[in-house]
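The task is simple: from the sequences and hints, build the whole structure.
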Amino acid sequence: MFAIGWHDNGSVRLEGRLDAASAPQAREFLTGVQGICRLDFTRLDYIASAGLGILIAVQRRLRDDGGGLVLAGLSPHLREVLGLAGFEGIFEFE
Amino acid sequence: MPELNVAARAAVACLPVLLFLASLVLLDTFRLVRRRRVAVALLAGGVAALATYFVNTALLDVTGLPPFRFAVLVAPLVEETVKGAYLAWLITTRRAGFLVDTAILGFAVGAGFAIVENAYYLSQLPDAPLLVWAIRGLGTALMHGGVTALLGLMVQGFGERRGAGSGRPWLTALLIAALLHALFNRYMVQPVVATALTLAILPGAMAVAWRLGERRLRRWLGRGFDLDSELLGLIRDGQVTTTPVGRYLQSLRESFRPDVVADMLCLLRLQCELSLRAKGTLLLREQGFAPTRDPELAAKLAEVRWLEKSVGHAGLLALRPLARWHGADAWQRHLLEEQS
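These protein sequence lines map, in sequence, to chains A and B.
At position 30 of the first sequence the residue is numbered 30 (this note's numbering), and the sequence of numbers has no breaks.
Remember, this note's numbering sits 94 above the position in the second sequence when you count from 1.
Each hint should be verified, as a subset may be incorrect.
[Claimed, not checked] A few chain A positions that, by computed beta-carbon distances, are all more than 12 Å from chain B:
hint, residue
1, ILE4
2, THR31
3, ILE36
4, ARG38
5, TYR46
6, ALA50
7, GLY73
8, PHE87
[What the hints assert, rightly or not] Here are a few chain A residues that face chain B, going by a calculated C-beta distance under 10 Å:
hint, residue
9, ALA20
10, ILE47
11, VAL81
[Stated by the list, open to error] Computed from the model, here is a short list of chain A residues facing chain B with C-beta under 10 Å:
hint, residue
12, ASP19
13, ASP45
14, ALA48
15, SER49
16, PRO76
17, LEU84
18, ALA85
19, GLU88
20, ILE90
It should be emphasised that the hints constitute simulated quantities derived from the structure, not laboratory data.
Note that beta-carbon positions come from the ideal geometry of N, C-alpha and C, so glycine has one too.
Shown next, in the form of structure tokens:
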């Protein structure tokens, strides 16, 4: 089960499993974000490469407009995977 | 203005194949092939053309066949074999691991071959009409590139079941490539028709190969990234012993010394880390990003080589069901070595 929506503090909250099946839902939601956008991963249990691909594409679009994604609340494992994959300089981490 | 005429003829004979090659490089979404590698493949094709010239000249004398029959019956097999040699090295050493990079490098070898061949004919027939060079540029040159690309594509396609290193896919692909080349040469009695057919078939065939290649690559990328990430998590959390992977490693303790099994686990972890790096690079390249430089990359690759030596051939064979570093995945090592 995957859910994505706006948090009261203005960040985007992701919940559950962001895999290939739920990736279109995430893509559709993130198409609408602008500027600097904070993504809260605290309640996200799992993210597959399909989800990461969407984040990279959104980051490309936002960066071209002077904005960007800030990834917050990542599990130590996901943080390590993103670092190993070479995404350190691409996203801002919080 | 004879110089201008020669330049125009050379442009007509060589530019179409180079433009087609450039369009293939630009269509490579994941930038699998660096421009330097394309240049080397072009050079290899040129060397193949020179080698073929001497082999064909000798065989023409030995067989005593009239030139046209020789061009249909013997030359295509000789030329495809010699052009395919460099491609064979690229594929068997996993420097070309996918349909897309194989098609680009194969086409580049064929293009290099065609350019040297056309340069030779330009020197021999400087006064031939422009139409001859248009046919050689749009027909013969594109045929050389297309057939060599197809040879590589067939090897990668057939090799998925049998392994690209085995001989049978190569023999089948070589015979089909030589047959297509021979058909082109056979119909050169109607050169405009042969050229028109090449122009009609080649772009469509390449488009199909491209679509198939990118779909396969995306599937490999997605599945591989997720598997590597999951396995790394299990190893890191010390939970691997409760999984089928862990149980398999435990079973290896009956056949290998404990220190070797420990090295196997280290190798598995390092391979996961490096696989994630390689696949992350492709995910980023697709969106036009360059990955951040990893200062430890060269040391990690050296560590993999040391661990492979320590584990030994038997250990690597035992690790094959788990390892993420053979088959198409072996290509990743070359990508990372380019970065380190």
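Hints, one by one, checked against the model:
Against chain B, the non-interface label of ILE4(A) holds: every CB pair exceeds 12 Å, the least being about 20 Å. Once the 12 Å rule is applied to beta carbons, THR31(A) is consistent with being away from chain B; the minimum gap is 15 Å. Residue placement check: ILE36(A) keeps its beta carbon more than 12 Å from all beta carbons of chain B (closest about 18 Å). Non-interface call for ARG38(A) relative to chain B: holds, since the shortest CB-CB distance, roughly 20 Å, exceeds 12 Å.
Against chain B, the non-interface label of TYR46(A) is violated: not every CB pair exceeds 12 Å, the least being about 9 Å. Once the 12 Å rule is applied to beta carbons, ALA50(A) is inconsistent with being away from chain B; the minimum gap is 6 Å. Every beta carbon of chain B lies more than 12 Å from that of GLY73(A), the smallest distance being close to 17 Å; the non-interface claim holds. PHE87(A), annotated as away from the interface, has a beta carbon of chain B within 12 Å; the closest lies near 6 Å.
Proximity of ALA20(A) to chain B holds as hinted, the smallest CB-CB distance being about 7 Å (cut-off 10 Å). Taken as an interface hint, ILE47(A) checks out: its beta carbon lies about 9 Å from the nearest beta carbon of chain B, inside 10 Å. Interface restraint check: VAL81(A) against chain B, minimum CB-CB distance 5 Å, threshold 10 Å, status holds. At a threshold of 10 Å, the smallest CB-CB gap from ASP19(A) to chain B is about 8 Å, leaving the interface hint in force.
The interface hint given for ASP45(A) is violated, since its Cβ lies 12 Å from the closest Cβ of chain B, which is over the 10 Å cut-off. The restraint placing ALA48(A) at the interface with chain B holds, with a minimum CB-CB distance near 5 Å, inside the 10 Å limit. A hinted interface residue such as SER49(A) counts as satisfied when its beta carbon comes closer than 10 Å to some beta carbon of chain B; here the least separation is about 4 Å, so the hint holds. The interface hint given for PRO76(A) holds, since its Cβ lies 9 Å from the closest Cβ of chain B, which is under the 10 Å cut-off.
Because the beta carbon of LEU84(A) sits about 5 Å from the nearest beta carbon in chain B, less than 10 Å, this interface hint is met. Against a cut-off of 10 Å between C-beta atoms, the interface hint on ALA85(A) holds, since the closest Cβ of chain B lies about 3 Å away. The interface hint given for GLU88(A) holds, since its Cβ lies 5 Å from the closest Cβ of chain B, which is under the 10 Å cut-off. Restraint check, ILE90(A) versus chain B: the minimum CB separation of about 6 Å is within 10 Å; hint holds.
In this structure, the earlier hints numbered 5, 6, 8, 13 are contradicted, and the remaining ones agree with it.
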